[in-house]
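Assemble the complex: chain G is given as a structure, and chain A must be docked to it using the hints.
If you're matching them up, the sequences are chains G and A in order. Residues 1 to 305 (our numbering) make up the first sequence, in order. Residues 1 to 305 (our numbering) make up the second sequence, in order.
For the record, the hints were derived by calculation from the structure and aren't laboratory data. Take these hints with a grain of salt, some might be off.
Any copy will do: because identical chains look the same in the list, a pair fits if it lies in one copy or spans two.
Unchecked claim - No more than 30 angstroms apart at the CA atoms, straight line, and that leaves these computed lysine-lysine pairs for DSSO-like:
hint	residue 1	residue 2
1	Lys225	Lys266
2	Lys138	Lys105
3	Lys53	Lys109
4	Lys169	Lys101
5	Lys53	Lys105
6	Lys109	Lys189
7	Lys53	Lys231
8	Lys266	Lys105
9	Lys105	Lys185
10	Lys266	Lys138
11	Lys169	Lys266
12	Lys189	Lys169
13	Lys55	Lys169
14	Lys55	Lys225
For clarity, every value in this text was computed on a predicted model and none was experimentally measured.
2 protein chains.
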Amino acid sequence: MVLTSFSQLEALVKGSAEARAMAVAVAADPHTLEAALAARAEGLVRPILVGDKAKILSILSEMGETVPDADIYDAPEEVAACETAVALVREGKADFLMKGKVDTKVILKAVVNKEHGLGVPGAIMSHVTLFEVPAYHKILAPVDGGMVTYPTLEQKKGIIENTVAVLHKLGYDCPKVGVLACAEKPNPKMPETLDAQALAEMNRSGEISGCIVDGPISFDCAIDKSIADFKGYESPIAGDCDVLVAPNIHAGNIMGKMLVCFSGAKMAGFIAGARCPIVLTSRGSSAEEKRMSIILAAAASRPEA
Amino acid sequence: MVLTSFSQLEALVKGSAEARAMAVAVAADPHTLEAALAARAEGLVRPILVGDKAKILSILSEMGETVPDADIYDAPEEVAACETAVALVREGKADFLMKGKVDTKVILKAVVNKEHGLGVPGAIMSHVTLFEVPAYHKILAPVDGGMVTYPTLEQKKGIIENTVAVLHKLGYDCPKVGVLACAEKPNPKMPETLDAQALAEMNRSGEISGCIVDGPISFDCAIDKSIADFKGYESPIAGDCDVLVAPNIHAGNIMGKMLVCFSGAKMAGFIAGARCPIVLTSRGSSAEEKRMSIILAAAASRPEA
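The following block holds chain G by itself, in its conformation from the complex (with noise of 0.2 angstroms):
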């Protein structure tokens, strides 16, 4: 299975047996409270608020909206409020993470604290990006554009592990990944390409498994067959990638940016490689893809997924 739509994750979500449970971390803030009770008016999540609780209740009353006394945490220091969403995940009262109003350092060293974070020994944090791309076939996820600047050999192998488990969560068998470069041909003097073919040959020997890893390849070659096939490059996928691996932060930042503002795309993305997904859109994302960056942590994290 692939998905072609954000809808087709939507019904995932909807078609769970109960809504996911979504503790968000530092939560006095009308922005975060309006996109958490947004997704609870679509049924799509539970919210457990942590937080400045007094503000919290006042924000609240303003939006005339109201939330069960047991689904709020009084957390005002935002260090304990982001331990406490931390603690309620590890406890199995929540199933995943939202950022509030909190700079993302400080959400992330109560993840990864390693007594009471929600750290995965040997894993590495990554951002896990989709995209329903009007001119592709299916959901595209270019990775990583928002945590790992400059990855390794070993943290590419770590972005490609986090995304192909959450492509998993989500029904696919088995995610097609390239890992990009301006060329085909591996070249000793363009290091990403020799990542690219280290990378599809840890695939190749079951290193990397639950997918298929090939590369380096270029963007043209990646997204269509025809040229693909024109350039002679023979790949199993060639033309059809659901995950595409960036050189680095920068490129990787450039493709989503240029999806959303020049392709017309949709985005939703979380930070995997912790033991739920992390949602940590800011106040800058779109409502649109605050919702869809929500539906998707909350599909990744279904009980069935």
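Same frame as chain G, now just chain A:
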């Protein structure tokens, strides 16, 4: 003046008193001759064919075309053909070069030859590409996705100078140049952001002139003023960039390919930094891309430019 469409570029060429002379190096190739003669048929250029004359005549005859004998130079061997084409430019008999069926390396070797070539002291050669992007309000030039692999600060300066010089020849007064990164803040852990800052400073101090350079800037701030405003990024180039400097060849290459494959963009490009444009389209380039690249090179080598 800024260009908003490729049709304006075409008008520049058609408005020129005389068709530019295009020396085609290693012209004995049907694809190359088709592109050259299609451009001639539109009155865009006067092709001068350099290569295996017997083969050229045979292909022309199959195409039902003729070229004045004085405009065919017999040079069956490809190194000699490239050197002859370069010599034609040096002698003022040709205005720019087009690569035929020959490796890029071979023609560039003739171009950079210190004694008989077309090098410009102190300049680097870089790929200047222009895109007509449906979702953008004017022509956009992301550079360099095809020539300089990992540009140093000095090479990025050269890339900017080459691109700005081409835009000046097309009638631009003061192109707006954004140096891309994943964010707007200089960060010592991300050398690209420091290079961007240094290039902006070189521009303010007058070391890079005839344009406005700013950065580091993220892609969305570079092409969408409302996003820049929202992020509080203030710059005369915000949302209005003509030129986008990619961190390296991989990012630049991905950008160009995304524009064409996912954003419905049309492309034109040539190698700049030598004494004349060098059109390097490959057999894989679409007929439209070849045509627009010839038009761009002709426009940039007008005597009035």
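We went through each hint and held it up to the structure:
1. Lys225 <-> Lys266: both (23 angstroms within a copy, 19 angstroms between copies)
2. Lys138 <-> Lys105: neither (33 angstroms within a copy, 38 angstroms between copies)
3. Lys53 <-> Lys109: The answer is within: 22 angstroms in one copy meets 30 angstroms, while 71 angstroms across copies does not.
4. Lys169 <-> Lys101: Close inside one copy (28 angstroms), not across copies (49 angstroms); limit 30 angstroms.
5. Lys53 <-> Lys105: within (22 angstroms within a copy, 67 angstroms between copies)
6. Lys109 <-> Lys189: between (37 angstroms within a copy, 19 angstroms between copies)
7. Lys53 <-> Lys231: Classified as between; 29 angstroms across copies, 60 angstroms inside a copy.
8. Lys266 <-> Lys105: within (26 angstroms within a copy, 41 angstroms between copies)
9. Lys105 <-> Lys185: between (38 angstroms within a copy, 16 angstroms between copies)
10. Lys266 <-> Lys138: Intra 12 angstroms, inter 23 angstroms, cutoff 30 angstroms: intra and inter.
11. Lys169 <-> Lys266: Answer is within; shortest intra-copy Cα gap is 20 angstroms, inter-copy 38 angstroms.
12. Lys189 <-> Lys169: neither (38 angstroms within a copy, 34 angstroms between copies)
13. Lys55 <-> Lys169: For lysine 55 and lysine 169, neither the intra-copy (36 angstroms) nor the inter-copy (60 angstroms) Cα distance is at most 30 angstroms.
14. Lys55 <-> Lys225: Neither, since 54 angstroms and 34 angstroms both go past 30 angstroms.
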